[in-house]
Amino acid sequence: MNSKSISDATLVSQYIKGDEPSLSILIKRHQQRLYSFIYSKVYDRDVTEDVFQDTFIKVIRTLKRGNYNEEGKFLPWVMRIAHNLVIDHFRKNNRMPKFNNSGDFDIFSVLSDGALNAEGELVKSQIARDVRAMVEELPEEQKSVLVMRIYNDMSFKEISESTGVSINTALGRMRYALINLRKLIEKHNIVLTN
Amino acid sequence: MAKLYTEKPSNSNTFKPKTETIKFLLNYSKALNVSVYKGLKFESLNN
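As you go down the protein sequences, you meet chains X and H in turn.
Counting in the working numbering, the first sequence runs from 300 upward without gaps.
Counting in the working numbering, the second sequence runs from 10 upward without gaps.
Hints are computed from structural coordinates only; laboratory data are not their basis.
It is possible that some hints are incorrect.
[Claimed, not checked] Here are a few chain H residues that face chain X, going by a calculated C-beta distance under 10 Å:
1) Leu13
2) Ile31
3) Val43
4) Glu52
[What the hints assert, rightly or not] Subject to a maximum C-alpha distance of 25 Å in a straight line, what follows is the list of computed DSS-like cross-link-like pairs (lysine-lysine):
5) Lys372/X - Lys39/H
6) Lys25/H - Lys340/X
7) Lys363/X - Lys303/X
8) Lys47/H - Lys32/H
9) Lys316/X - Lys372/X
10) Lys316/X - Lys32/H
We put the CB at the ideal spot given by N, CA and C, even for glycine.
Sequences are here, hints too, so could you generate the full structure?
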């Protein structure tokens, strides 16, 4: 029979029964799509190769252990595994920043403690001051909700109890406070980034 | 007259895993053996 005419589901069940060539057909059938999918997320050939390999190792183990539930969705299932592995890859990289040897070695790019330097601290305090000044410009009702929520870290339930308005009203005031703050930022042309 | 580029650039080889990767996967599949003992599943690589 022509391998193209055999469905994924049939190939999977044949493979589970011990027919190894079925796996080869499945990989060849979907390799390009899966590879492109992974590459479109990680933009690195070697990482793509690794994730592709890990994806199929997981597929093989799941099928051999008999844990696969055939619902006619082989490719989406494989894609989902690849997607999760891509996320794992990014998470791992965030935890362990890779040393990028680009010629000029800067040890502080690896050993940074995350604290701001003197300039950063100065900019941060200026930003806090600017924001505070703009909050003062808000209408009293909106200002009190925003201060309670952001500066006093109160829940909307607590805010509604202390101001005597419903939670929805408090939410609405918060929303308008943020909208107005954005307008003020635009009006004063303030840059709020460090 | 404007040129017509009707032929698509061939990139069929660019988005494919290496042959070694495929080979590794097929060999891994052949080597992997799952045995069940008292309801527990054990994996072994017969390589």
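Outcome of the hint check:
The interface hint given for leucine 13/H is violated, since its Cβ lies 27 Å from the closest Cβ of chain X, which is over the 10 Å cut-off. Satisfaction of the interface hint for isoleucine 31/H is found here, the shortest Cβ-Cβ separation to chain X being roughly 6 Å, below the 10 Å cut-off. This hint holds: valine 43/H has a C-beta 5 Å from the nearest C-beta of chain X, less than the 10 Å allowed. For the restraint placing glutamate 52/H at the interface with chain X, the shortest Cβ-Cβ distance is roughly 7 Å, inside the 10 Å limit, so the hint holds.
Distance restraint check for lysine 372/X and lysine 39/H: the Cα-Cα separation of roughly 24 Å lies within the 25 Å cut-off, and the hinted pair is therefore satisfied. With a C-alpha separation of about 15 Å, the suggested pairing of lysine 25/H with lysine 340/X holds against the 25 Å cut-off. With a C-alpha separation of about 23 Å, the suggested pairing of lysine 363/X with lysine 303/X holds against the 25 Å cut-off. Between lysine 47/H and lysine 32/H, the direct Cα distance comes to roughly 33 Å. Violation of the 25 Å bound is thereby established for this hinted pair.
Under the criterion of a C-alpha separation no larger than 25 Å, the hint pairing lysine 316/X with lysine 372/X is consistent with the structure, at around 19 Å. For a cut-off of 25 Å, the pair hint linking lysine 316/X to lysine 32/H stands: about 21 Å separates their Cα positions.
Checked against the numbered hints above, the structure breaks hints 1 and 8 and satisfies the rest.
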